[in-house]
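Those protein sequences? They're chains Z and H, same order as listed.
Using the numbering used here, the first residue of the first sequence is number 1, and each one after it goes up by one.
Using the numbering used here, the first residue of the second sequence is number 1001, and each one after it goes up by one.
Check each hint, because a few of them may be wrong.
Said to hold, decoys possible - From the derived model, a few chain H residues whose C-beta atoms are all more than 10 Å from chain Z: (1) Glu-1104; (2) Lys-1146; (3) Gln-1176; (4) Ala-1195; (5) Phe-1198; (6) Asp-1233; (7) Ser-1268.
What the hints assert, rightly or not - Cβ-to-Cβ under 10 Å is the rule here; a few derived chain Z residues that face chain H: (8) Val-46; (9) Glu-47; (10) Phe-50; (11) Asp-54.
Note that these hints are calculated values from the structure, not bench results.
Think of the CB as a built atom: it goes at the ideal place given N, C-alpha and C, for glycine as much as any other residue.
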Amino acid sequence: MKGLKAMEDNEFDSVLRRHLKNLPEGAELPQDAPLKKFGLDSMQAVELLFDLEDELGVVLPDEMMTGDTFATAESLRKAVGTAVDEPAVGTS
Amino acid sequence: MTTTQTRPDQREIGDRVESVLPVLRDHARQVDADASFPTAPLKALRDSGLMGLLVPVAHGGLGGGLDDLVRVAAELSGECLSTGMIWAMHCQQVAALVGHGSPELQADLLPRLAAGEVYVASVTSEKVKGGHLLSAHAPLRREDGKVHLDRDAPIVTGGSDADGFLITMKDSESAQPAEVSLVYADREQLTVRHAEGFSWDPMGMRGTHSGPLHLSGTVAESAIVGGAGGFRDVALRTFVPVGHIAWASCWLGAARGALRAVLELVRSPAGRKQFNLESDLLRARLARVRLDLDTTAALIAQVVRDTSLAPDPEAPDVQLRLNGLKVHAAERSFAVVDTLVEVAGLRHGYLRDAPLPLERLFRDLRSSSLNYANDRLLGANGALVLVDRGVGLAL
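With these hints in hand, go ahead and build the complete structure from the sequences.
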């Protein structure tokens, strides 16, 4: 299957919104709007990544830690969807 | 030593390294457990062409420079520090042969080095002087245009597997101990006697199988590298800088390997349940560890530049950085692994059979300050600081 399941999609939205401090509660998040506009800087992006990995049980490869991945909700959803398709194997 | 020749293809070197890493990985634990020489990893290195990394292309080698040595040593040592160190010390010998060997010796030896046929061990220590590099006591004797050597070597890394030896000797019976000649000899040219009853059971670096040898034999005058009594120049221009760069790169690579392993663990789904990545303490520790790796890498790069470009290898600021590199890399790489043991905890960091090799690396890297003692280098640097009143930093 490709991308996020519906349930994962809801989790993705809720985790993402937690990290967008400039997005008022209940306000719509346009999928193509720059996340920077809503207060996501590069440090915040790391915290967001960890939250997403924890909640969705995925590991994003380091190569995905780019500005492009975290540019918009759409680009990030796509990247996380790829990671869901190909889960990384842990060492432990 | 210069790096003016055309740079070799980085991808090609990378492919060769990739081909040997699995062999090092598969043998690292056993080599450590048995304290045995890493024969299979060395065989893979011989087959890979990497034993001739520093041999010029004209002699069949890869034509690599010091920056290539740094990267390959670090990658190999990230899998098995013992094997990385054995390879890097071989490259130190090759650098001396390439930079200072006579045309006759080079024509005969360099193609064999490039083909991986000859693994060269270093014989510089003597019982009487300990590890003082620039003096020797056992003399060369010349007869009928040939050079005879006869010498005890209290400790030779890889002595049982080496195909050739680079040996420091006093240039003649009547020479001063500081008149040192560096002599190359194939194993076949020598009678190599292994001391009886010697056991090798160290804390770490257990694959760098070392022991006492007695060497005697006869070579041509052209086997003297850097000319009669010329070792001091070989040492200052090549042997010491390449040695410090090689060691530092191995230690740095091992410490980087430890950080890579810990990051894989803490970022894995299972690790995420055990480690709180939001912990300020964890983050501060990881930041320190990374900073130690970055500063060591930066100092290596500077010493590579000094070695390639500095007009006077004895200039105080050049010597300070060269000695300082060895001290800094030894201290910080060990500190990195020590901190990572703290981060990983008892289960992942302390158990010998944990999937992470932290326990082995901790023992391995404990040797780094002793291997040409930091205390001695700091003493030398302390004196040099006093005569460099301008404090010539590499800015």
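Status of each hint after checking the structure:
{"no.": "1", "hint": "Glu-1104", "in the structure": "holds, 51 Å"}
{"no.": "2", "hint": "Lys-1146", "in the structure": "holds, 58 Å"}
{"no.": "3", "hint": "Gln-1176", "in the structure": "holds, 57 Å"}
{"no.": "4", "hint": "Ala-1195", "in the structure": "holds, 43 Å"}
{"no.": "5", "hint": "Phe-1198", "in the structure": "holds, 39 Å"}
{"no.": "6", "hint": "Asp-1233", "in the structure": "holds, 46 Å"}
{"no.": "7", "hint": "Ser-1268", "in the structure": "violated, 3 Å"}
{"no.": "8", "hint": "Val-46", "in the structure": "holds, 9 Å"}
{"no.": "9", "hint": "Glu-47", "in the structure": "holds, 8 Å"}
{"no.": "10", "hint": "Phe-50", "in the structure": "holds, 5 Å"}
{"no.": "11", "hint": "Asp-54", "in the structure": "holds, 6 Å"}
Of the hints listed earlier, the one the structure fails to meet is number 7.
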